[in-house]
Amino acid sequence: MTQEDGFFQGKKVNSRKLQAYGFKENGGVYSYDTKIMQGDFQLTVTISKKGQVETNLLELASEEEYILHRTSAAGSFVGAVRSEYQSILQDIADKCFESDSFKNESAKEVINYIRDTYQDELEFLWPKTPGNAIFRRKETKKWYAVLLTVQRNKLGLPSDEQIEILDLRNQPEKVAALVKEKNYFPGYHMNKKYWLTICLDGTVPFKEIKLLIDESYQLALK
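1386 is the number of the first residue of the sequence shown in my numbering; add one for each residue after it.
Errors might be hidden in some of the hints.
Using 30 Å as the maximum straight-line C-alpha spacing, the simulated DSBU-like pairs for lysine-lysine come out as follows [stated by the list, open to error]:
(1) 1578 x 1493
(2) 1527 x 1595
(3) 1578 x 1513
(4) 1396 x 1595
(5) 1493 x 1396
(6) 1434 x 1396
(7) 1488 x 1523
(8) 1592 x 1565
(9) 1595 x 1539
With beta-carbon atoms standing in for the labels, derived distance ranges [unchecked claim]:
(10) 1463 x 1542: 44 to 52 Å
(11) 1538 x 1391: 27 to 35 Å
(12) 1576 x 1599: 15 to 23 Å
(13) 1523 x 1452: 31 to 39 Å
(14) 1452 x 1544: 47 to 55 Å
Please keep in mind that the hints were generated in silico from the structure rather than gathered at the bench.
Being a predicted model, the structure only gives us computed values, none of them experimental.
All residues carry an ideal CB built from backbone N, CA and C; glycine is no exception.
Assemble the whole structure, with the sequences as input and the hints as a guide.
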(Lines of atoms letter the chains of each structure in order from A and count residues from 1; the text may use other names and numbers.)
(Lines give C-alpha, C1' and ligand atoms only; values in the text may rest on other atoms or scores of the structure.)
Protein backbone atom coordinates (compact mmCIF):
# COMPACT_ATOMS: atom_id res chain seq x y z
CA MET A 1 0.00 0.00 0.00
CA THR A 2 1.36 3.41 -0.96
CA GLN A 3 1.40 6.42 1.33
CA GLU A 4 -1.43 7.92 -0.73
CA ASP A 5 -3.58 4.78 -0.41
CA GLY A 6 -3.68 5.19 3.36
CA PHE A 7 -5.74 8.37 3.11
CA PHE A 8 -8.37 6.78 0.89
CA GLN A 9 -8.54 3.24 2.23
CA GLY A 10 -12.10 2.04 2.75
CA LYS A 11 -13.53 5.00 0.82
CA LYS A 12 -15.10 5.55 -2.58
CA VAL A 13 -14.84 8.69 -4.67
CA ASN A 14 -17.81 11.01 -5.20
CA SER A 15 -17.35 12.63 -8.62
CA ARG A 16 -19.84 15.39 -7.86
CA LYS A 17 -17.82 16.39 -4.82
CA LEU A 18 -14.60 16.27 -6.84
CA GLN A 19 -15.95 18.87 -9.25
CA ALA A 20 -17.16 21.07 -6.39
CA TYR A 21 -13.69 20.84 -4.85
CA GLY A 22 -12.01 22.05 -8.04
CA PHE A 23 -11.02 18.89 -9.89
CA LYS A 24 -11.14 18.99 -13.69
CA GLU A 25 -12.52 16.00 -15.60
CA ASN A 26 -11.03 14.70 -18.84
CA GLY A 27 -12.18 11.37 -20.23
CA GLY A 28 -13.30 10.12 -16.84
CA VAL A 29 -10.00 11.05 -15.17
CA TYR A 30 -10.01 13.85 -12.61
CA SER A 31 -7.05 16.12 -11.85
CA TYR A 32 -6.44 18.92 -9.38
CA ASP A 33 -3.54 21.38 -9.21
CA THR A 34 -2.55 23.49 -6.24
CA LYS A 35 0.57 25.19 -4.92
CA ILE A 36 2.16 24.56 -1.55
CA MET A 37 5.12 25.90 0.43
CA GLN A 38 4.32 29.52 -0.44
CA GLY A 39 4.09 28.73 -4.14
CA ASP A 40 7.44 26.95 -4.46
CA PHE A 41 5.86 23.57 -5.29
CA GLN A 42 2.97 22.50 -7.48
CA LEU A 43 0.99 19.47 -6.38
CA THR A 44 -1.08 17.58 -8.95
CA VAL A 45 -3.57 15.00 -7.70
CA THR A 46 -4.98 12.61 -10.31
CA ILE A 47 -7.88 10.19 -9.76
CA SER A 48 -8.42 7.45 -12.31
CA LYS A 49 -11.73 6.02 -13.53
CA LYS A 50 -11.33 3.26 -10.93
CA GLY A 51 -10.74 5.76 -8.13
CA GLN A 52 -6.98 5.20 -7.87
CA VAL A 53 -5.20 8.28 -6.52
CA GLU A 54 -1.79 9.35 -7.81
CA THR A 55 0.19 12.49 -7.05
CA ASN A 56 3.03 14.46 -8.54
CA LEU A 57 4.89 17.15 -6.62
CA LEU A 58 6.93 19.50 -8.80
CA GLU A 59 9.60 21.83 -7.45
CA LEU A 60 9.01 24.87 -9.64
CA ALA A 61 12.50 26.38 -9.40
CA SER A 62 14.19 23.24 -10.74
CA GLU A 63 11.17 21.90 -12.66
CA GLU A 64 11.95 18.49 -11.20
CA GLU A 65 9.72 16.07 -9.34
CA TYR A 66 10.22 16.20 -5.56
CA ILE A 67 10.07 12.82 -3.82
CA LEU A 68 11.71 13.25 -0.41
CA HIS A 69 8.30 13.76 1.25
CA ARG A 70 7.53 10.13 0.40
CA THR A 71 10.64 8.78 2.07
CA SER A 72 11.87 8.61 5.65
CA ALA A 73 14.06 11.68 5.07
CA ALA A 74 14.17 13.96 8.11
CA GLY A 75 14.68 17.68 8.54
CA SER A 76 12.53 20.75 9.08
CA PHE A 77 12.09 21.55 5.37
CA VAL A 78 11.12 18.10 4.17
CA GLY A 79 8.92 17.81 7.25
CA ALA A 80 7.08 21.00 6.30
CA VAL A 81 6.63 19.79 2.70
CA ARG A 82 5.35 16.43 3.92
CA SER A 83 2.94 18.10 6.34
CA GLU A 84 1.38 20.37 3.68
CA TYR A 85 1.22 17.52 1.19
CA GLN A 86 -0.51 15.19 3.63
CA SER A 87 -2.87 17.93 4.77
CA ILE A 88 -4.16 18.39 1.22
CA LEU A 89 -4.62 14.65 0.69
CA GLN A 90 -6.50 14.38 3.97
CA ASP A 91 -8.73 17.30 2.98
CA ILE A 92 -9.53 15.68 -0.36
CA ALA A 93 -10.27 12.36 1.37
CA ASP A 94 -12.59 14.09 3.85
CA LYS A 95 -14.45 16.24 1.32
CA CYS A 96 -14.52 14.15 -1.87
CA PHE A 97 -14.66 10.54 -0.69
CA GLU A 98 -17.22 8.50 1.22
CA SER A 99 -16.94 5.40 3.36
CA ASP A 100 -17.17 2.13 1.42
CA SER A 101 -16.10 -0.42 4.03
CA PHE A 102 -19.55 -1.28 5.30
CA LYS A 103 -21.87 -2.89 2.79
CA ASN A 104 -25.19 -3.74 4.38
CA GLU A 105 -28.08 -1.29 4.51
CA SER A 106 -28.28 -1.14 8.32
CA ALA A 107 -24.62 -0.10 8.57
CA LYS A 108 -25.14 2.54 5.88
CA GLU A 109 -28.19 3.84 7.76
CA VAL A 110 -26.09 4.19 10.92
CA ILE A 111 -23.35 6.07 9.05
CA ASN A 112 -25.81 8.40 7.34
CA TYR A 113 -27.77 9.04 10.54
CA ILE A 114 -24.64 10.02 12.47
CA ARG A 115 -23.36 12.13 9.57
CA ASP A 116 -26.66 13.99 9.23
CA THR A 117 -27.34 14.37 12.96
CA TYR A 118 -23.90 15.01 14.43
CA GLN A 119 -21.77 15.86 11.36
CA ASP A 120 -19.25 13.20 12.36
CA GLU A 121 -17.40 10.92 9.96
CA LEU A 122 -16.02 7.44 10.46
CA GLU A 123 -12.39 7.23 11.55
CA PHE A 124 -10.44 4.20 10.37
CA LEU A 125 -7.81 3.77 13.08
CA TRP A 126 -6.52 0.34 12.10
CA PRO A 127 -5.06 0.14 8.55
CA LYS A 128 -4.87 -3.67 8.68
CA THR A 129 -8.58 -3.99 9.51
CA PRO A 130 -10.50 -1.60 7.24
CA GLY A 131 -13.77 -3.24 8.32
CA ASN A 132 -13.40 -1.60 11.74
CA ALA A 133 -13.97 2.10 12.43
CA ILE A 134 -15.16 4.50 15.12
CA PHE A 135 -17.16 7.66 15.63
CA ARG A 136 -16.05 10.07 18.35
CA ARG A 137 -17.25 13.36 19.80
CA LYS A 138 -15.35 16.40 18.60
CA GLU A 139 -15.29 18.05 22.04
CA THR A 140 -14.04 15.17 24.17
CA LYS A 141 -12.52 12.84 21.53
CA LYS A 142 -14.38 10.02 23.28
CA TRP A 143 -15.76 7.22 21.16
CA TYR A 144 -19.53 6.81 21.09
CA ALA A 145 -19.98 4.29 18.27
CA VAL A 146 -17.81 1.52 16.87
CA LEU A 147 -18.56 -0.32 13.63
CA LEU A 148 -16.90 -3.71 13.31
CA THR A 149 -16.90 -6.67 10.96
CA VAL A 150 -16.73 -10.00 12.81
CA GLN A 151 -17.79 -13.62 12.50
CA ARG A 152 -21.14 -14.48 14.07
CA ASN A 153 -19.55 -17.09 16.31
CA LYS A 154 -17.52 -14.34 18.01
CA LEU A 155 -20.82 -13.29 19.59
CA GLY A 156 -21.77 -16.84 20.49
CA LEU A 157 -24.02 -17.22 17.45
CA PRO A 158 -23.96 -20.24 15.14
CA SER A 159 -21.97 -19.98 11.89
CA ASP A 160 -18.75 -18.23 10.99
CA GLU A 161 -20.51 -15.87 8.57
CA GLN A 162 -19.14 -12.32 8.54
CA ILE A 163 -21.50 -9.74 10.02
CA GLU A 164 -21.31 -6.01 10.68
CA ILE A 165 -21.95 -4.97 14.28
CA LEU A 166 -22.32 -1.74 16.22
CA ASP A 167 -20.90 -1.06 19.70
CA LEU A 168 -22.57 1.71 21.72
CA ARG A 169 -22.16 3.22 25.19
CA ASN A 170 -24.92 3.23 27.80
CA GLN A 171 -25.57 3.28 31.51
CA PRO A 172 -24.52 0.03 33.24
CA GLU A 173 -28.06 -0.78 34.36
CA LYS A 174 -29.44 -0.38 30.84
CA VAL A 175 -26.61 -2.40 29.32
CA ALA A 176 -27.30 -5.20 31.80
CA ALA A 177 -31.02 -5.14 31.01
CA LEU A 178 -30.61 -5.07 27.23
CA VAL A 179 -28.07 -7.88 26.98
CA LYS A 180 -30.60 -10.18 28.64
CA GLU A 181 -32.64 -9.84 25.46
CA LYS A 182 -31.73 -12.08 22.53
CA ASN A 183 -31.00 -9.22 20.10
CA TYR A 184 -28.34 -7.48 22.22
CA PHE A 185 -24.87 -8.62 23.24
CA PRO A 186 -22.16 -7.51 25.69
CA GLY A 187 -19.86 -4.93 24.10
CA TYR A 188 -17.53 -6.73 21.71
CA HIS A 189 -13.89 -5.85 22.49
CA MET A 190 -15.15 -3.09 24.82
CA ASN A 191 -15.82 -2.66 28.54
CA LYS A 192 -18.88 -4.87 28.89
CA LYS A 193 -20.19 -2.87 31.84
CA TYR A 194 -20.65 0.27 29.74
CA TRP A 195 -20.93 -0.99 26.15
CA LEU A 196 -23.39 -3.16 24.26
CA THR A 197 -23.32 -4.70 20.79
CA ILE A 198 -26.02 -4.78 18.12
CA CYS A 199 -25.92 -7.01 15.04
CA LEU A 200 -26.72 -4.86 12.02
CA ASP A 201 -28.82 -7.54 10.39
CA GLY A 202 -32.29 -6.13 10.95
CA THR A 203 -32.93 -7.89 14.26
CA VAL A 204 -33.05 -4.53 16.07
CA PRO A 205 -35.35 -1.89 14.50
CA PHE A 206 -33.45 1.13 13.23
CA LYS A 207 -35.74 3.46 15.21
CA GLU A 208 -34.42 1.77 18.36
CA ILE A 209 -30.82 1.94 17.15
CA LYS A 210 -31.13 5.70 16.58
CA LEU A 211 -32.27 6.25 20.17
CA LEU A 212 -29.34 4.21 21.47
CA ILE A 213 -26.90 6.16 19.26
CA ASP A 214 -28.26 9.41 20.72
CA GLU A 215 -27.84 8.12 24.28
CA SER A 216 -24.29 6.96 23.55
CA TYR A 217 -23.45 10.34 22.02
CA GLN A 218 -24.62 12.14 25.16
CA LEU A 219 -22.67 9.83 27.46
CA ALA A 220 -19.47 10.51 25.49
CA LEU A 221 -19.69 14.18 26.50
CA LYS A 222 -18.60 13.42 30.08
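Structure-based check of each hint:
{"no.": "1", "hint": "1578 x 1493", "verdict": "27 Å, holds"}
{"no.": "2", "hint": "1527 x 1595", "verdict": "19 Å, holds"}
{"no.": "3", "hint": "1578 x 1513", "verdict": "28 Å, holds"}
{"no.": "4", "hint": "1396 x 1595", "verdict": "24 Å, holds"}
{"no.": "5", "hint": "1493 x 1396", "verdict": "13 Å, holds"}
{"no.": "6", "hint": "1434 x 1396", "verdict": "15 Å, holds"}
{"no.": "7", "hint": "1488 x 1523", "verdict": "26 Å, holds"}
{"no.": "8", "hint": "1592 x 1565", "verdict": "20 Å, holds"}
{"no.": "9", "hint": "1595 x 1539", "verdict": "24 Å, holds"}
{"no.": "10", "hint": "1463 x 1542: 44 to 52 Å", "verdict": "51 Å, holds"}
{"no.": "11", "hint": "1538 x 1391: 27 to 35 Å", "verdict": "31 Å, holds"}
{"no.": "12", "hint": "1576 x 1599: 15 to 23 Å", "verdict": "20 Å, holds"}
{"no.": "13", "hint": "1523 x 1452: 31 to 39 Å", "verdict": "35 Å, holds"}
{"no.": "14", "hint": "1452 x 1544: 47 to 55 Å", "verdict": "48 Å, holds"}
Going down the numbered hints, you'll see the structure goes against none, and every one checks out.
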